Amino acid sequence: MQKPLFLALLQLADDHLILGHRLSEWCGHAPMLEEDLAMPNIALDLIGQARALYSYAGVVEEAGRDEDVLAFGRIEREYQNLLICELENGDFAQTMLRQFYFASFMLLFWERAQVSSDTTVAAIAAKAVKEAKYHRRHCGEWVIRLGDGTEESALRMQAACAFLEPYLGEFFYVDGVALEMAENSTLPDLLSLRGAWLADVSEVFGAAQISPPNLSHAHKGGRQGRHTECMGHLLAQLQYMQRSFPNMTW
Amino acid sequence: MRKNVNNLPCLQWLQNERNLVTVIQDIPLWEVFIRPRNGLAHRHCGSLHATDAEMALQAARDVYTRRGEGLSVWVIPSAQIVASDPQDRDEMFDPSDDKIYRHPNFYNIPDDVGHM
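In order, the protein sequences belong to chains A and B. Take 68 as the starting number for the first sequence in this note's numbering and just add one per residue. Take 2 as the starting number for the second sequence in this note's numbering and just add one per residue.
One should not assume that every hint holds.
Heads up, incomplete: computed chain A residues facing chain B, CB under 10 Å, no partners named [what the hints assert, rightly or not]:
| # | residue |
| --- | --- |
| 1 | M99 |
| 2 | L100 |
| 3 | E101 |
| 4 | E102 |
| 5 | I109 |
| 6 | R204 |
| 7 | I277 |
| 8 | C297 |
| 9 | F312 |
Hints in this document: simulated from the structure, not taken from any laboratory. The structure displayed is predicted, hence computed values, not measured ones. We put the CB at the ideal spot given by N, CA and C, even for glycine.
Please build the complete structure, drawing on both the sequences and the hints.
What follows is the structure, encoded as structure tokens:
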């Protein structure tokens, strides 16, 4: 039986690694040079947060696994990220909307986690909150500009909104681990973030002239390691080097 | 804050063989000025393309401050900068060439003053 804190850190770390990896796929392919730097900047922040979380998870687990083993040395069913993090990027609108959803959620999450009863979690949160704040700002501005831009960009933002909608409810999925983390004040109570997150999304969507998402139907499974079809392909790329040359360094 | 983003010419979408990409055209150019530390002046460090002031500021941060270069950023529409014409160089700048007395080279500075 693994420790709840280890599992909670692993879930968070997986969210950040997988989404960071996805976003990094844009490197060299962004629609403009400025964004070709902005998106990898965000991806690097996310992967940096994942590293801190994996490292601490390894310490908590006390099984000798370091950040690299946790990031690269597990099979698909052992990853516990939210499904929204592993979905393919789609077009620029879909990419930006997903990043906005995640950044808006994580900003609220890290803000509250700064007062965690666990000092390491609080320290990770204090660093991450600044990064999430910028991610939310940057991606939010793009959501507004695409949603309220041209006829074509508005259609694409609406399509992105419809596509991502069933993956939003999982942000607030509370399992035994999340419950215990909230009860001992290690991590925020997910349900308590829901109202503030919806308000933030609604504000940006108002400026973007798009209807707020409906959270009534939510895909689940990420936290139990049941992934979408996208995940295996992602891991094949992510893990290639460590699988081919175990324990390689450079 | 309401953004004036209607009818941006920059977001014309076209399809190529690989993916759907935005085609960038007619996006304004901005000049970027960075102040590295307190007490120093903002210095010009480059330019970038952005649709409006907020995106220009963010792009300046993302493009020019990735290695801790700055504490403050200015962005200015390049079109707003009034520049001298290179063809006017002779009349603009040559007349100062022979006015060596404008340089503070002819003062004896007392030793007590030290390095100025």
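Verification of the supplied hints:
1. M99: 5 Å, holds
2. L100: Given a least distance of 7 Å, the restraint on A/L100 holds.
3. E101: 4 Å, holds
4. E102: Result: holds, 8 Å to nearest chain B Cβ.
5. I109: 9 Å, holds
6. R204: Hint on A/R204: holds, closest Cβ of chain B at ~7 Å, below 10 Å.
7. I277: With Cβ-Cβ at 13 Å, over 10 Å, it is violated.
8. C297: Violated, because the Cβ-Cβ distance from A/C297 to chain B comes to roughly 16 Å (cut-off 10 Å).
9. F312: Violated, because the Cβ-Cβ distance from A/F312 to chain B comes to roughly 30 Å (cut-off 10 Å).
In summary, the structure is inconsistent with hints 7, 8 and 9 from the numbered list given earlier, while agreeing with the others.
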